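So the protein sequences, as listed, match chains A and B.
Per my numbering, the first sequence starts with residue 318, numbered consecutively.
Per my numbering, the second sequence starts with residue 7, numbered consecutively.
No lab work stands behind these hints: they were computed from the structure.
Keep in mind that this is a model prediction, so the values were computed, not measured.
For every residue, glycine included, the Cβ atom is placed at its ideal position computed from N, Cα and C.
One or more of the hints may lead you astray.
Said to hold, decoys possible - Stretch-level coverage of chain A by chain B, calculated; a stretch enters the list once three of its residues show a Cβ under 8 Å from a Cβ in chain B:
| hint | region |
| --- | --- |
| 1 | 318-328 |
| 2 | 334-340 |
| 3 | 449-460 |
| 4 | 547-554 |
As the list claims (entries may be wrong) - Away from chain A, derived, C-beta distances all over 12 Å, residues of chain B:
| hint | residue |
| --- | --- |
| 5 | Ser48 |
| 6 | Gly52 |
| 7 | Asp71 |
| 8 | Glu87 |
| 9 | Val96 |
| 10 | Glu98 |
Stated by the list, open to error - If you only want the chain A side, here are some residues facing chain B, beta carbon under 7 Å, derived:
| hint | residue |
| --- | --- |
| 11 | Arg359 |
| 12 | His360 |
| 13 | Arg488 |
| 14 | Pro541 |
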Amino acid sequence: MIRLAAVGDIHVGEQADPALRDGLRSAPECADVLLLAGDLTRHGTAAEAATLADSLAGTSIPVVAVLGNHDHHSDEAPAVIDTLEQSGVTVLEGGGAVIDTPGGRVGIAGVKGFGGGFAGACASDFGEPEMKAFVQHTRTISNTLARALATLECDVRVALLHYSPVPDTLRGEPLEIFPFLGSYLLAEAVDEAGADLALHGHAHRGTERGVTPGGVRVRNVALPVIRAPFRVFEVEPRRPPWAARHLEETAATPLASRPVAGPRRS
Amino acid sequence: MSVQGSQHAEPLPEQPPEYVVAHVQEALATDTRVAELGIGVSVAGGRLFLTGTVSSDEQRDRAGDLAVEVAGDLEVCNDLEVAQLGGPGVPERLA
Numbered sequence: 318m319i320r321l322a323a324v325g326d327i328h329v330g331e332q333a334d335p336a337l338r339d340g341l342r343s344a345p346e347c348a349d350v351l352l353l354a355g356d357l358t359r360h361g362t363a364a365e366a367a368t369l370a371d372s373l374a375g376t377s378i379p380v381v382a383v384l385g386n387h388d389h390h391s392d393e394a395p396a397v398i399d400t401l402e403q404s405g406v407t408v409l410e411g412g413g414a415v416i417d418t419p420g421g422r423v424g425i426a427g428v429k430g431f432g433g434g435f436a437g438a439c440a441s442d443f444g445e446p447e448m449k450a451f452v453q454h455t456r457t458i459s460n461t462l463a464r465a466l467a468t469l470e471c472d473v474r475v476a477l478l479h480y481s482p483v484p485d486t487l488r489g490e491p492l493e494i495f496p497f498l499g500s501y502l503l504a505e506a507v508d509e510a511g512a513d514l515a516l517h518g519h520a521h522r523g524t525e526r527g528v529t530p531g532g533v534r535v536r537n538v539a540l541p542v543i544r545a546p547f548r549v550f551e552v553e554p555r556r557p558p559w560a561a562r563h564l565e566e567t568a569a570t571p572l573a574s575r576p577v578a579g580p581r582r583s
Numbered sequence: 007m008s009v010q011g012s013q014h015a016e017p018l019p020e021q022p023p024e025y026v027v028a029h030v031q032e033a034l035a036t037d038t039r040v041a042e043l044g045i046g047v048s049v050a051g052g053r054l055f056l057t058g059t060v061s062s063d064e065q066r067d068r069a070g071d072l073a074v075e076v077a078g079d080l081e082v083c084n085d086l087e088v089a090q091l092g093g094p095g096v097p098e099r100l101a
C-alpha cells in the first residue's frame, strides 16, 4: 500500500504559520509522499515561496506540487517554481514524476488546470478572443494532463490539479461560480488516460469526495475543506501495474474533446 | 474605488446592497492585505455577513476590517471560521 499525504490552498504568506509548518513537517510520520494541490502562496511572490521552502526544509519524503491561481497572481510564477525546486520540491506543470515507495511506485501527473464549467453548463470555444483564450487554456492544459498521465508506468497513478475536474467536490460553493472552479475537460483527460485518484484544491467551500464519469475517485484537499494540515490516502497498487500509453492527438481532435459515447455537442 | 495596496479603502455612497456584496467580494480578493477568493459575502436584514473558513485569526480580522471599510453603512457580521489544524485524521484506504 502506498501512503499519500495531500493538501491544497495552504496560501503561505511571508510569515510562516507555525501550526501549518509543524503540520506539514509531520507528514513523513504517516505518508510516503507529500502532494500540494496549488495555491501554495498567498500572492505568488518568490518571498512567499521561500517561506514555504523553509517550512518544508529537511522533509524526508518527496514533495510534489502544482501551482494554483494565487501562485500566478504576481506574475512571478517562474521565480516561485525556481525557489521551490531549489529546495527540493518537484513542481509539475504538464509533467509527471514516478516515485519509488516501500509500497510500490506512485506516478503523479500534475497541472494547474483552469475553468470553463461542467458538462451541460460549460463555456465554448467561440466568440471574442478573450473567450476563446479562456477555453483554449483549459483545453491545452487538459490535453497535457492526459498525455502526462498516460505515460506514467507505475503501480498507483495520481492526477494532481488545482482546479476541479468534477462538480461533486464543489458542492457548497455557489452554483454560479462553478465555471470558475474547474472543467469537465480535466475529468475527460483523467478518464482518457486512466488513474487511481485525482486530487484538487481551489474550492474552499466545496466538499471532499467526488468521482469522475469514468469512475476515478476525486478528492478536494483544499485546507479550508479538510481542516487539517493534510489528508492521508492509503492506495493499494493496481494489478497489473499501469503501463505507458502514447495518446494520439490531431489538431482537429484535441485529446480532451474526442467523443467517448454517442454524439456530443462541441 | 481603490484596490490593491491601499491602507484605507473608500466606503461607497449608499447603493443597493447587492452591489455592496459584489464590491466587498472584489475587495477581499484584490486587496493585498487579504487576497481571499473563497469568502462568502451576503446581506440579510440590512447586515452584511462574511462566511467560510480562513487559515488564521489574523486573516479573519483582516477580512473583517476590510469589509467594514468597503461596506459603508451596512453592519458587518464576521462569521468567518478559522481552520483549527489538528492532525491529519484517519487515513482513507482506497482499494
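Taking the hints in turn, this is what the structure says about them:
Given as covered by chain B, the region 318-328 of chain A passes the check, having 6 residues with a CB less than 8 Å from a CB of that chain where 3 are the minimum. A stretch counts as covered by a chain when three or more of its residues have a beta carbon under 8 Å from one of that chain; for the region 334-340 of chain A and chain B the count is 4, and the coverage holds. With a cut-off of 8 Å between beta carbons, the region 449-460 of chain A has 0 residues touching chain B; three or more are needed, and the interface restraint is violated. Closer than 8 Å: that is the beta-carbon criterion, and the region 547-554 of chain A has 7 residues meeting it against chain B, so the requirement of 3 holds.
Interface exclusion of Ser48 of chain B from chain A breaks down, the closest Cβ pair being 10 Å apart, not more than 12 Å. A cut-off of 12 Å between C-beta atoms confirms that Gly52 of chain B is not in contact with chain A; the least separation is 21 Å. At the 12 Å boundary, the C-beta of Asp71 of chain B stays outside the reach of chain A, the nearest C-beta of that chain being 16 Å off. With a closest Cβ-Cβ approach of about 9 Å to chain A, Glu87 of chain B is found to fall inside the 12 Å limit, against its non-interface label.
Some Cβ of chain A comes within 12 Å of the Cβ of Val96 of chain B; the nearest lies about 8 Å off, and the non-interface call is violated. With a least beta-carbon separation of about 5 Å from chain A, Glu98 of chain B fails to lie farther than 12 Å from that chain, contradicting its non-interface assignment. Because the closest C-beta pair between Arg359 of chain A and chain B is about 5 Å apart, less than 7 Å, the hint holds. Look at His360 of chain A: its Cβ gets to within about 6 Å of chain B, closer than 7 Å, so that hint holds up.
Look at Arg488 of chain A: its Cβ only gets to about 14 Å from chain B, farther than 7 Å, so that hint breaks. Interface hint at Pro541 of chain A: satisfied, since its Cβ lies 4 Å from the closest Cβ of chain B, which is below the 7 Å cut-off.
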